[in-house]
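Asker: Listed here are the chains, written in short residue letters.
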Amino acid sequence: MNAMTESKGSTLVENPSVPTVSAGVAMKGDTVKVFYGAKEALHGVSLEIERNRVTSLIGPSGCGKSTFLRCLNRMNDTIEGCRVEGRITLDDDDIYDPSLDVVELRARVGMVFQKPNPFPKSIYENVAYGPKIHGMVHSKSELDEVVVSSLRRAGLFEEVKDRLNEPGTGLSGGQQQRLCIARAIATQPEVLLMDEPCSALDPIATAVIEELIDELRENFTIVIVTHSMQQAARVSQKTAFFHLGNLIEEGPTEQIFTNPVNKQTQDYIMGRIG
Amino acid sequence: MSEAVQSISASITSDEAQARRRRRNAADTRLRLYGIGAISIAIGLLGILILTLAIGGYQAFVQTHIRIQFPISTENVDPENPSEGNYRNVVREGLAALLPPAESPAQQRAMDQILTNNTQFIVRNAVVANPSVIGGALTLEVPASDIFDQLNKGVVRRATPEQNRRVTDQQIAWFDALVEEGRVSTPFNWGLFFNADSRFPELAGLAGAITGSFYALLVCFLISFPVGIAAATYLEEFAPKNRWTDLIEVNINNLAAVPSIVFGLLGLAVFIQIFGLPRSAPLVGGMVLALMTLPTIIIVTRNALKAVPPSIREAAYGMGASPQQVILHHVLPLSLPGILTGTIIGLAQALGETAPLLLIGMNAFITSPPGGIMDASTALPTQIYIWADSPERGFVARTSAGILVLLGFLLIMNAIAVFLRQRLERRW
Amino acid sequence: MVGYLFLAIVIFSIVAFFVGRAAGNRFVTTEGVTTHSLPGYHGAFVAVWVGVPAFVLVLLWLLFQGSVIDGLLFQSLPAAVTEGVTSAQRSLILSEIKNVAAGRIFAEPSPEIAAAAETLNRWQAIAGWAMVVVAVAVMLLALFVARSRLSPRFRARNGVERFMMVLMVFCSVVAILTTVGIIVSLLYESFEFFLLVPPHEFFFGLRWEPQIAIRADQVAGQGAFGAVPVFLGTLVIATIAMAVAVPIGLFTAIYLVEYASERVRSTVKPIMEILAGVPTVVYGFFAVLTVAPAIRNAGSLMGIATSPNSALAAGGVMGIMIIPFISSLSDDALRAVPRTMRDGSLAMGATRAETMTKVLLPSALPGIMGGILLALSRAIGETMIVVMAAGLIASLNINPLDSVTTVTVQIVTLLIGDTSFDNPKTLAAFALGLVLFLVTLGLNVIALTIVRKYREQYD
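Protein chains in written order, with the working numbering: chain A, 38 to 311; chain B, 252 to 679; chain C, 11 to 469.
None of these hints come from the bench; they were simulated from the model. Fair warning: there could be bad hints in the mix.
Said to hold, decoys possible - Derived Cβ-Cβ restraints for the label pairs, each shown as a range:
hint	chain 1	residue 1	chain 2	residue 2	range
1	B	Pro477	C	Thr44	29 to 37 Å
2	B	Leu675	A	Lys177	22 to 30 Å
3	B	Phe670	C	Val194	35 to 43 Å
4	C	Pro208	B	Leu662	27 to 35 Å
Every residue, glycine too, gets a C-beta built ideally from N, C-alpha and C.
Make a model of the complete structure from these sequences and hints.
Answerer: Listed below in structure tokens is the structure:
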């Protein structure tokens, strides 16, 4: 309860000193609670994801940031015994509404995982998979186009254009992760979720991905979970700090990192917890 | 303190301690020798088994043939109706041209025994196929009868006193005369593969059994493979974990250990008695084998599915694939090599299974290969059982040869499984 | 006819698939991405609705047509024919009618039979056509209904996936059905048997002479179905088999786990697998051809009377068959003991033998016991070796050099050849089968429970 009020105290709306240039809200979570069996992992989180912005979720491990992220495209459905309460909307549609097909939702809210997990198929097939199962293309040439443009937007095309038919698992870690990004954006999602996309990569590959994230912001709304505060500072415009299943504080990234309202946030930023 | 240390080191080096160490090391060596002994016994027994089969069976892979010119006179065979001729006489005339004429009916019968009992039908079929030889002569390589085959192969020994062997001195003399004329040969016994069963060992082959086994395995595969994969996929990927699925799981594990003969009883009582399916049919055999193979396939499929890392599933879910698309597009294709390997091993087991097939009547005496899955038929293992039970000398070698053929098939299937495992299976 | 009908169902389903897919394609071109399911799923949805109900219908029809027509036919017969006939006579009359109807006439049939045969032919023709008409009607109706449900937002994929799910559930229930089928058929036939032969006779009787009972004047219940000698013989042979297999298998496992180099292991293991893969009929032949004569010769050399099909030959060869079973299960059990325990013992200065006998074996004992019980259950249920190498006559003795018979041998000999399900001889096989099933099931359950508990302990 305490945490709730604190987080309210620092939202954008109630802090007029920060200019709100929001281009609208893409997704919105309203008192989202998540239970694994009887254990409550997330204690009522409310957060707005703004369009064409990068929102980063930070916090120590086990704080619920990944759990929240996985609620946004209902990946938690695949975990047995997991239950979600509260309301999450995408363009004002409740994504947990029983009449909504989770499959369609995931086409609109794409996801990139912690470890690069390309399918053990060719590079081409990896990217083509989404458009195929969602019936977004009607001819081979259309599909080719989508694959090439997705790879291009993921900054991978030049590196792999000669070996589109080779297995995606043969690429380097950074390339694999960019392939996964290309795969995710091939379905033209509105929102792209990234679950610590760089944690398995070396610094150089990380830099490439971060640059890419910044470019992708033009066309997609991005939510990124990250362990690294530097990364959050570098890539995101808005930051939300989670701790022990609560959303402690959210706000423009600059403000969170330079002038956090909450004591816990401050401690975390200074490296005292986490 | 130091005294205690001294006494310990003294106790380690003392004679008594050394003796004890020797004893302990001897015990160690003994255990090792027991192990080596046990392995040697096991391998030795396998060696003896294979050696007996090879020695007993290799002779059945060749067959004594005798080349004879049969005069096809119009007296014996009517050109208008070649299939109705007196071919018994034709055969006798063919032999008479080569051997001194028989002096008594008994001698004539003894002479008839040289060639296989079915010679007249072999000749008839040849004539019907080519009626132009009527009035002329026809030269054929005809299998020798079993006892002469055995004589030629040295199984029936000439040194044995005449009253103790099944060929008379007179018959041996005839046979030797044929040998001297160069009419006796022992080519590869294709009949072993292309003939069906017969009462006469020299004509008996495995064609019927191989076809029957093929049909039964086909039915077994067509049932157990899809059903097994569907069941395993459901249990592994979709089923909620509750008492009901626990029950199915325990049940499958137990089913894998139920004696095969019980499946035979099930087949007899349900498929034949209640459903009214025909006895001895490969369809019923295949269905029974499918029920036996099902637990194996379910278990290996589940293991193969388990081996696919969850990250692949997550990736596909994240793309908006439905649970079944995840399985169908990604998980199943990736686990297919493992599933196939297990399936082939399961089918190999089914191929060697005998007891349930006996109960549903696949041990009938059937002289032509089955034309379909509803025809009465034998299977390879039941054919071996039938031959092993037959008293004729020639069937002993035939049985061993049948076993070698069966083992050959098993070896090929297992080799394919090993190949699949090594070449296609993905290590995560 | 039936074959063509099934072919028609397949063709109809394919047509339905294309009808559905065409509709799906149209939705995609008119509505674009908002179409819920891929055109293929629309096709599959219609195809499933067209094909599956018709298929199930025809299957059920075929299953019941025979008995329904039989019943109607029998009722249509004049009372004079049907008056007071037993079920055996009833089936005789019916099969005579069928023979006549099919044109297999051996003697001049009575007018009632001839008339009935004509009726049968007529009814069968009617039933056949009725089935075709009904099936086609069902398919057309399904095609119409399913097609009319399609729309751009229609969730065809979910429909198809629900069907697939039902199919998968059904497939996993097949295993349960198999067990139920086994239990029900064994129980039913055994019940029939125990109506003829009281259970105490069967379980405690000391004389087993089922062949005698086939004669009508010698009804069972005269002590001919006492199964004790059969059980005893099974026990004798299983004991011999275990006596051969347990030491060899166990020592093999010990050697492979503790002493063998990687190279030895990689050669011995495949050889053990070969030993395990040899079909039992081959072992049976080996027992008859090689082992039994060898034992007999050895016996006569030492002046001991040995039966040509001694329990020792059958049991010994069965033991060979079981060696790989015991060795691989013991191997697994020994390997499951955490390496730290073994290292701890070796670090104390224990020899490998001491480590094995004092640390590894005691820890692995439950797993090994489980394996031995599974092997025992296999020995009891093994059929071909004993059918070929053991005796047929049940005698109450435990001399391994004498001939004994087993449960499985008796089942096979009782059921081979003609089987009619109304004499105690046939039914006795099912009673034996029930005992065999229950005993092996009990052993398996105990063994699997032990093994699972043991695994959990170290997981």
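Asker: Against this structure, judge whether each hint is valid.
Answerer: Outcome of the hint check:
{"no.": "1", "hint": "B:Pro477 / C:Thr44: 29 to 37 Å", "in the structure": "holds (35 Å)"}
{"no.": "2", "hint": "B:Leu675 / A:Lys177: 22 to 30 Å", "in the structure": "holds (28 Å)"}
{"no.": "3", "hint": "B:Phe670 / C:Val194: 35 to 43 Å", "in the structure": "holds (42 Å)"}
{"no.": "4", "hint": "C:Pro208 / B:Leu662: 27 to 35 Å", "in the structure": "violated (51 Å)"}
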